[in-house]
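All chains should be modelled from the sequences, with the hints used to inform the complete structure.
Protein chains in written order, with my numbering: chain A, 29 to 218; chain B, 978 to 1238.
If you are wondering where the hints come from, they were derived from the structure by calculation, not from laboratory data. Source: prediction; values computed, not measured. Each hint should be verified, as a subset may be incorrect.
[To be verified] Examples of chain A residues toward chain B, derived with CB under 10 Å: (1) L62; (2) A123; (3) E142; (4) R145; (5) E158; (6) Y186.
[Said to hold, decoys possible] Covered by chain A, according to a simulated footprint, are these stretches of chain B (three or more residues, beta-carbon under 8 Å): (7) 1028-1037; (8) 1040-1054; (9) 1098-1112.
[As the list claims (entries may be wrong)] For lysine-lysine, the following DSBU-like pairs were computed, each having C-alpha atoms within a straight-line distance of at most 35 Å: (10) K165/A x K1214/B; (11) K165/A x K1056/B; (12) K1214/B x K121/A; (13) K121/A x K1056/B; (14) K1189/B x K165/A.
Note that the Cβ used here is the ideal one computed from N, Cα and C, for glycine as well.
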Amino acid sequence: MRGSDLPADLVAGLEALLFSSAEPLPVARLAKVLEVPEPMVLAAAEVLREQYQGPHRGIELRQVAGGLQVATLPAYGRLVQRLTQTRRPTLSKAALETLAVIAYRQPITRAEIEQLRGVNCERSLQTLLERNLVVEKGRRPGPGRPILYGTSPEFLVYFGLNSLEDLPALEDFPPRDAPEPASSPASPQT
Amino acid sequence: MGVEERHQRLADYPVTLDNFEGPLDLLLHLIEEQQLDITEVALAAVTDQYLAYLRAMEELDLAIASEFIVTAARLLDIKARTLLPPQKPAEEPPVEEEDDPAAELIRQLEEFRRYKAVAEFLEAREAEEAPRFPRTPGEMEDFAAGIQLEGITLADLAAVFQEVLRQAAQRGMDGSPAEIAPEAITVADRIRHVQSLLKSSRGRIVFLDLFKGTPSRLEVVVTFLAVLELLRRRQIKVLQEEAMGPIYLERLPAPGGGQAS
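Pasting the structure below:
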């Protein structure tokens, strides 16, 4: 569908909706509100995306967490930070490792995470829950009915992923550019 | 021995005192430092350094997490086996594979290395996403998420509070003789009360039930404060499953029993 075939107000209406929302908006929801079929929303989004790619624009249209969202261009991140004077604290190594396990093995219990990481994960799990990157996903039937954890939609937004399928396959880790271990057989060390 | 001197002696150890995320992290570091593949031989080769690291932590009076010690025992077990003369293969029972401590540790290390790489991937994405700002960073939403008030607004809580006050007032006007006694209600008392209610009802109670038979306004207020305090301590969460439906309090797993921070 070409941009010129779209109803006159559609692109502008889409932009208004995206501007008003802090959350990524699913295409289905936009279609319902705009009262047009989904392919038309996608076509309008394409028009908007191209316009944002033009000169003198500081925002872009992104597909994130299964929805559409406008966000500032990374190039102006420092500028925005100068305005807001806030900085989002980055996640600790422990929290990132715990999150890595949860992302690929969800739903998973705390005991299973700890088994994989070989350490107590209480604190990093608490951090992830507080930051809403991880949520409870019910309980596993069986003894003790342990709580199951999984990633939240916020997780996808935080890491700029559209869906969990965007995560590289676990078999691809560690990436190829990681230092190759020496092939020579180990000699006893002193 | 002074701290200075201790640090001096630590310099002699073949491992650096970096912060390792557990025994697997340390082991992987030692193996990669020597550019070895993750094999039984490599495990035996780094056992001494692993133990030296534990000793170094000991000298610094650092608390050594039990996980480190468990892994030390596993390493020593593996090393001892590699030093023993190999058994004749014919006599080896086929089940040997399963309780081979080296194979198990190697599998764990390989899996751990994978998740460590995933963590690095996530860290890179985090850095990439940090300079993008969507509309309204939603700081207030973050606060709401922090105390787990799922779908409940301040207005909802206030409305419930009003309802409780109204009920309390009604009870005050039912004509029964009022008993005037010195009131000594503390938040601590009410916290214990809420906790015991939670305990006797499998960790979940209806918010309004807290105020059943509550005669005084002071008690209502203090009970409400107790609920807020429990929320702040993350001992409970408040949830409402449907709009206008009953509000529940739910006990959260106690965060105690963790490692020293």
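Here is what the structure says about each hint:
no.	hint	in the structure
1	L62	violated, 18 Å
2	A123	holds, 9 Å
3	E142	holds, 9 Å
4	R145	holds, 6 Å
5	E158	holds, 5 Å
6	Y186	holds, 7 Å
7	1028-1037	violated (count 0)
8	1040-1054	holds (count 3)
9	1098-1112	holds (count 14)
10	K165/A x K1214/B	holds, 16 Å
11	K165/A x K1056/B	violated, 42 Å
12	K1214/B x K121/A	holds, 28 Å
13	K121/A x K1056/B	holds, 30 Å
14	K1189/B x K165/A	holds, 33 Å
When each numbered hint is compared with the structure, violations occur for hints 1, 7, 11.
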